[in-house]
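Chains as they are written, first to last, in this note's numbering: chain B, 0 to 296; chain W, 367 to 666; chain H, 15 to 484.
Incorrect hints may appear among the rest.
[Said to hold, decoys possible] Per label pair, the in silico range of CB-to-CB distance:
1) B:LEU154 - H:ASP338: 49 to 59 Å
2) W:SER571 - B:LEU130: 37 to 47 Å
3) B:LEU154 - W:LYS661: 33 to 43 Å
4) W:ARG376 - B:ILE280: 36 to 46 Å
5) W:LEU573 - B:GLY7: 25 to 35 Å
6) H:ILE480 - W:LEU647: 20 to 30 Å
7) B:ASN126 - W:PRO582: 16 to 26 Å
8) W:ILE401 - H:TYR177: 34 to 44 Å
9) W:LEU449 - B:LEU154: 37 to 47 Å
10) W:ASP568 - B:GLY7: 32 to 42 Å
11) W:LEU460 - B:ASN77: 39 to 49 Å
12) B:VAL194 - W:LYS661: 25 to 35 Å
13) B:ASN77 - H:ASP431: 14 to 24 Å
14) W:LEU647 - H:GLN91: 48 to 58 Å
If you are wondering where the hints come from, they were derived from the structure by calculation, not from laboratory data. Since the structure is predicted, the reported quantities are computational estimates derived from the model, not experimental observations. Yeah, the Cβ is synthetic: ideal placement off N, Cα and C, and Gly gets one too.
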Amino acid sequence: MNRTKRTGFDTALKRRFGRDYKAKIVFTVLIGAIALTMTVPILWMLSASMKKALDVTKLPIDWIPDYFYPDNYVEVWNIGGKARRNYHFALAYFNSLKVTLTCVAGAVLTSTMTGYAFAKIKFRGRNVLFLLYLATMMIPSQITIIPKFVIFDALKLVGSHKTLILPGIFSITGTFLMRQCFMQIPDEIRESARVDGASEFRTWLQVMVPMAKSSMASLAIIIFLWTWNDYLNPLVFLPNWRLQTIPLALNSFVSEAGTEYHLMMAAASSALIPMFVMFIIGQKQLIKGITAGAVKG
Amino acid sequence: MKNRRFRLSRQLRTDITGYAFLLPNFAGCLTFTIIPILCSLVFSFTDWEYTRGFGNWNFVGLKNYIDMWTDEWFLASLKNTLLYTASVVPVTILLALILSVLIDKYCIGKLPMRLAMLMPYFSSTVAVAIVWVMMYSSFGPVTQLVKWIGVENPPKWLADYHWALPAVILVTIWSTVGFAMMIYTSAIQGLPTELYEAADIDGASELDKFFKLTVPFLSPTTFYLLITNIISSFQVFTTIQVMTGGGPGNSTSVMVSYIYRSAFGYYKMGYASAMAWILFLMIFLVTLIQWNGQKRWVGY
Amino acid sequence: MKKRMVCSLISVLLAGAMLTGCGGSSASGDGSSSAVKESSDAGGTAKTAAAEENPPEEVTIHFWSGLSDASSQEAQQRLIDAFEEKYKDKGYKVEAESFVNDSNGNLKLEANLLGGDEIDVYVSYSSSTLFKRAEGNLALDLTDLCQRDGFDIESYAGDMMEYFRKDGKAYCLPVSLSKFCMVLNKDMFDAAGIEIPESWTYDEFLEVCKKLTHGEGEDKVYGMFWNTNGGDKSAYAHYMSAKAFGGDYYYKEGGTETNFDDPIWQKTIELINTTMQEGYTPTHADTVTEKLTQESMFLTGRAAMCNGSWVFQSIKDTQTYPHDFVTAFAPFPAVDEEHNTYIRGGYQDLLSINPRSEHIDEAWEFMKFYMNEGALYMADIGRIPASNTYDNEEIAARVLGSDGLFDEQSAASALIDPSGNYAVSTILEKTPQITDVFQEEMEAVWTGNKTVEEGLASAKKRGDEILAKE
Numbered sequence: 000m001n002r003t004k005r006t007g008f009d010t011a012l013k014r015r016f017g018r019d020y021k022a023k024i025v026f027t028v029l030i031g032a033i034a035l036t037m038t039v040p041i042l043w044m045l046s047a048s049m050k051k052a053l054d055v056t057k058l059p060i061d062w063i064p065d066y067f068y069p070d071n072y073v074e075v076w077n078i079g080g081k082a083r084r085n086y087h088f089a090l091a092y093f094n095s096l097k098v099t100l101t102c103v104a105g106a107v108l109t110s111t112m113t114g115y116a117f118a119k120i121k122f123r124g125r126n127v128l129f130l131l132y133l134a135t136m137m138i139p140s141q142i143t144i145i146p147k148f149v150i151f152d153a154l155k156l157v158g159s160h161k162t163l164i165l166p167g168i169f170s171i172t173g174t175f176l177m178r179q180c181f182m183q184i185p186d187e188i189r190e191s192a193r194v195d196g197a198s199e200f201r202t203w204l205q206v207m208v209p210m211a212k213s214s215m216a217s218l219a220i221i222i223f224l225w226t227w228n229d230y231l232n233p234l235v236f237l238p239n240w241r242l243q244t245i246p247l248a249l250n251s252f253v254s255e256a257g258t259e260y261h262l263m264m265a266a267a268s269s270a271l272i273p274m275f276v277m278f279i280i281g282q283k284q285l286i287k288g289i290t291a292g293a294v295k296g
Numbered sequence: 367m368k369n370r371r372f373r374l375s376r377q378l379r380t381d382i383t384g385y386a387f388l389l390p391n392f393a394g395c396l397t398f399t400i401i402p403i404l405c406s407l408v409f410s411f412t413d414w415e416y417t418r419g420f421g422n423w424n425f426v427g428l429k430n431y432i433d434m435w436t437d438e439w440f441l442a443s444l445k446n447t448l449l450y451t452a453s454v455v456p457v458t459i460l461l462a463l464i465l466s467v468l469i470d471k472y473c474i475g476k477l478p479m480r481l482a483m484l485m486p487y488f489s490s491t492v493a494v495a496i497v498w499v500m501m502y503s504s505f506g507p508v509t510q511l512v513k514w515i516g517v518e519n520p521p522k523w524l525a526d527y528h529w530a531l532p533a534v535i536l537v538t539i540w541s542t543v544g545f546a547m548m549i550y551t552s553a554i555q556g557l558p559t560e561l562y563e564a565a566d567i568d569g570a571s572e573l574d575k576f577f578k579l580t581v582p583f584l585s586p587t588t589f590y591l592l593i594t595n596i597i598s599s600f601q602v603f604t605t606i607q608v609m610t611g612g613g614p615g616n617s618t619s620v621m622v623s624y625i626y627r628s629a630f631g632y633y634k635m636g637y638a639s640a641m642a643w644i645l646f647l648m649i650f651l652v653t654l655i656q657w658n659g660q661k662r663w664v665g666y
Numbered sequence: 015m016k017k018r019m020v021c022s023l024i025s026v027l028l029a030g031a032m033l034t035g036c037g038g039s040s041a042s043g044d045g046s047s048s049a050v051k052e053s054s055d056a057g058g059t060a061k062t063a064a065a066e067e068n069p070p071e072e073v074t075i076h077f078w079s080g081l082s083d084a085s086s087q088e089a090q091q092r093l094i095d096a097f098e099e100k101y102k103d104k105g106y107k108v109e110a111e112s113f114v115n116d117s118n119g120n121l122k123l124e125a126n127l128l129g130g131d132e133i134d135v136y137v138s139y140s141s142s143t144l145f146k147r148a149e150g151n152l153a154l155d156l157t158d159l160c161q162r163d164g165f166d167i168e169s170y171a172g173d174m175m176e177y178f179r180k181d182g183k184a185y186c187l188p189v190s191l192s193k194f195c196m197v198l199n200k201d202m203f204d205a206a207g208i209e210i211p212e213s214w215t216y217d218e219f220l221e222v223c224k225k226l227t228h229g230e231g232e233d234k235v236y237g238m239f240w241n242t243n244g245g246d247k248s249a250y251a252h253y254m255s256a257k258a259f260g261g262d263y264y265y266k267e268g269g270t271e272t273n274f275d276d277p278i279w280q281k282t283i284e285l286i287n288t289t290m291q292e293g294y295t296p297t298h299a300d301t302v303t304e305k306l307t308q309e310s311m312f313l314t315g316r317a318a319m320c321n322g323s324w325v326f327q328s329i330k331d332t333q334t335y336p337h338d339f340v341t342a343f344a345p346f347p348a349v350d351e352e353h354n355t356y357i358r359g360g361y362q363d364l365l366s367i368n369p370r371s372e373h374i375d376e377a378w379e380f381m382k383f384y385m386n387e388g389a390l391y392m393a394d395i396g397r398i399p400a401s402n403t404y405d406n407e408e409i410a411a412r413v414l415g416s417d418g419l420f421d422e423q424s425a426a427s428a429l430i431d432p433s434g435n436y437a438v439s440t441i442l443e444k445t446p447q448i449t450d451v452f453q454e455e456m457e458a459v460w461t462g463n464k465t466v467e468e469g470l471a472s473a474k475k476r477g478d479e480i481l482a483k484e
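So that you can see chain B by itself, here it is in the shape it has in the complex:
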C-alpha cells in the first residue's frame, strides 16, 4: 500500500466510484453515447406526435418543432368528443391491456412449470419432446394463420379475445428461457429439497421459483412486448373494431391515400407508457436476483 500524494479531487473520485474510476468514466461516456442513439426513434415518435401532418416527413429532421401541436392527441383520444372521427383508441388500449396482461400471467406461469420439468425432472422422452418444442418455433407464423383460423372457427372462438389469449398463454420461447434458467441452478439444491421430503411440486414452488425470479421477470417483459406489439394475429382473428388492440388501431391511420403519421405517432407514443411501466417493475425483480433462494454450502 503505497502512500503517494494524490490531489483531493482524485481521492474524492476514488472514494465515490472505486479504484477503477477512470475506466468507469470512459465506459459510461462511450456506452452512454450508444444508449442515446437507441432512444432516437422514441424521441422522433414524440416529436412527430406534436407536429402537423406535412411537417412530419420534412427533411432535415426537425427534432424540436417550433410549435407544439397537442391537437393530435385530442384527435386520437377523442378528448371531449372533438375529434373528426372516433378512432376508439381508448377501447383499443383497454383491449390491449387485457389481452397482454392475461397472456403475460399465463405464459410466465406455464413456462416456469414446463421449463422446470424439462430442466430437472428426468422423465423419458424429455429431450425429444423439447426438440419438438423448439422445432415449432421454426415455422414462420404467417403460414399457420389460416389453419389456426379454421381451428378457431371450428371451436367457435372467432370474434373474441380468446383467439389471442389461448395461444398466448402457452409460450414455447418462454419454456426455453426458463429451462435454461433452471439448468443453471445446481442439482444439489433440488436434491436437498427432495431429501427433506418435499414433493416435486413443492420443490418447484417454494425452492426453485424464488430462485428464478429474475428470469421470470425477463420473460414477463418479453411476452409483454411481443403481445403488445403483435399485429398479424389480431388483424386476422379480431374482425370487429370493438375487439381491436393497439397495433390494429394504429392501422386506422393508414389508408390508400397514405399514412397519417402525425396521428399514428400520437397514438403510438401513448402506447409506450405501459411498456415502460412493465419494464421498470420487472427491472426491480431482475436486480433482486436469485439470492432469495436457499443456497446451501
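For chain B, the structure is supplied; the task is to place chains W and H on it using the hints.
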C-alpha cells in the same frame, strides 16, 4: 420401507410428474401450434388457394418442392436470408455480451442505460422503420456522418442495390442488442461473486476473468440467445417490409416475405407452405448442430 | 414410499387444477369480452322474419369496406344514415368495418369470409380479387336475387358489367365508376401560359414538364411527380400505355405472351426515364429515400403535376393539407394520336354478399340502395357513381364542392363525365406476378442499373417464363 404394494417404479413416477408439469402447456401448444403446423405440411403437397376453402385442393406430390429451386425469387430470398442471419446473429450476441458486462462493471447510471438500450424494442416497428428511413436519407445523419469522414459521393443506402441489405442489417443489430442485453443482464446477476473474488486474490486480470469465468458461466444464456436469434433472423419479415418492401429489386427480399407474397398475394398457399417447410428444415438443421455441440461448450 | 406416491398424485391433481385455473382465467377473460360485445350490440342481431309491424326487431348488416381515412368514412357514414333513414320502419342498421386495401387488409377480409360470421356485405377493389372470391364461393351469386326483383344490372351500370361477370353470372354490384387522370396545378399552368390540355401526346407532355420545371435546390419546383413510392414502382406506366393497349396492357392477343417488346412500351418507359434524367421530376431513388408522396409534393406546390387521381380526397382536405391553388385535370398523354383509344378507369368499388350471411335479403337491399341512390354521397370524396340513376350536375356539384378548389371544365371532362371505351382487364390469372416482375425491372431502369431496352427485354423474358409455367 414396508408397503411396497402400490409402489410404481421410480422412473415411472418421475415420468408422470414430468408430464403433469408439462400438461397445460403441452395441451395448448398441441391445439394452437402443432396442429396448424401439421396442416401446413399437408398443404405443401397440394395446390391449394386458401380462398377456395378448407379441403378444396388437389394433391400434387412433390411438385412444389421441386419448382422452388428454379424459382429465381425463391433463390434470391434464400441467399438474402442466409446473408442476413450470418451477419446479424454473431454481431448482436457478441455486442450484447460485451456491453452487458461493461455496463454491469463500469457504468454509472445502469438503469437508465439499460432502459435506453431496450427502447428500440418498445417502439412500434413502424416508428423504428420510418426513423431509420429518414436517417438513411440524403439529409439524414448517416449520410452526413459518412460525408464528414471524407467520402465524396455517399451511396443512397436503402435505394442502392448493394447497400440496402447491409443498411437493414445494421438496423436489426441496433434494435436487437438491447433485448439480448436484457437477457444477459439477468443472467449476470446470478454469477457467483466468490469465484471472482478468489480470482482477484490470485491476481487475475480483467480480461482473464472475462474469458475464463464470465463467458463459460454465461454459456447457457449464450446458447439460448444463439438459438432464438437464429430462428428469428431466419424469419425476419416486418422490419424489411416496412423499410424497403423487399427492394430495390430483389436485394432485400427475404424468405418470409416471399412466402407471404406467394400465399396472400399470388394465392399459392400450397407453394408457400412448401417453402416454409424448407425454411423450417434449414433452421432445424442449424439448431440440431448447435444442440449437439452444446455438450462441448455449454457448461451447466 | 407411500408418502412419495401420494405426493406425486397430489402434484398431478394440482397440475390439473392449474389447467382448469388457466382455463378459468381465460373463461373470465372471455366472459367480459362477450359481455362487451353483447352490451354494445344492443340491437341484437336477431334474425328478422318480415318484422314490419311494431316494433321491428333490428337487423344489423355488417358492411366491410376499404376506406379508412377520415373524410371517406364521413362520406360513407352519410350514405349509411340515408339508408337507415329510408328503412327505418324495417329496423335495418348498418355497421361499417374498415380494412386497409393492401395485402394484409385483404387477408383479414378473406379470412373472415372463410369463417366467422361477421360480414354481410363487402367491397372488392379489382376484378381479379372479386373473381378469386367468387371462385372460392366467398361471394354470392346474385342471379336469383336479380331475377326475383327484376333488377337488371346492365340497365343501370352499362355494358361494361359484362366483364365483371363470371360465366355470365353476377357476383357483384358495381357502385362506382372512375376515370384515372393526371392532376394538374392550374395556377402554375396559367403562370406559364400553358392551356389545360384535353388530349396530348408524349412529346407535348415532355415539353410541358420542361416548361414547368424551375428553381434550384430547396426552391425547386418540378414539372411532374411520378408516384413511384406509392405501391407501383413502374410509376403507373400502364396508365399511359393502356390508352393504346386497352385493359390487358401486359399481354399480347391471346394472353400467352407478354408484350414488353412493343415499341409503345419502349416509348412510354423512355418518356418517364427522360423526365427523371432531365430533372423534371424527382428521381426514383430520391422518392424512395425521402418518402415523397403526392401530398407532400403536389399539395405543397413542389410539383406541378402528378399522376394518381386518388389524391383527390387529400385535395379536399384543406385542414390537413392547406393550399390555395386551383386543381385541374387532364387525361393521360397518349403515345400519338392514333393510339388514343382507351380510357384508363372502370368500376372501382364492387359490392358482394357473403354467402354465409344470415341476412342476405337485407344485405341485398343495402347493396341496391348503395348502387342506385347512395353512391351520390361518395361523390364527395371523388367516387363517381356507376349507375345512371343520378343527375350529372348533382354529381359534379358534390365532387367539386363549393370551395373553388377545382377547375370545373377540366374536372368534368377528364374526371366526372362518363365515357365509353374503358380499359378493362380480362386476363387476370398471373397478373400479380407479371406486375411484380415488371416493377422490379423498371426499378432497375430508373436507378440506372439497366437501360430501357435491357429492362424491357428482361421483363419480357421473365414474364414469358412465368406465363409458360403451370
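The hints, checked one at a time:
no., hint, in the structure
1, B:LEU154 - H:ASP338: 49 to 59 Å, "58 Å, holds"
2, W:SER571 - B:LEU130: 37 to 47 Å, "40 Å, holds"
3, B:LEU154 - W:LYS661: 33 to 43 Å, "42 Å, holds"
4, W:ARG376 - B:ILE280: 36 to 46 Å, "41 Å, holds"
5, W:LEU573 - B:GLY7: 25 to 35 Å, "32 Å, holds"
6, H:ILE480 - W:LEU647: 20 to 30 Å, "26 Å, holds"
7, B:ASN126 - W:PRO582: 16 to 26 Å, "23 Å, holds"
8, W:ILE401 - H:TYR177: 34 to 44 Å, "42 Å, holds"
9, W:LEU449 - B:LEU154: 37 to 47 Å, "41 Å, holds"
10, W:ASP568 - B:GLY7: 32 to 42 Å, "34 Å, holds"
11, W:LEU460 - B:ASN77: 39 to 49 Å, "47 Å, holds"
12, B:VAL194 - W:LYS661: 25 to 35 Å, "28 Å, holds"
13, B:ASN77 - H:ASP431: 14 to 24 Å, "40 Å, violated"
14, W:LEU647 - H:GLN91: 48 to 58 Å, "51 Å, holds"
Of the numbered hints listed earlier, the single one contradicted by the structure is hint 13.
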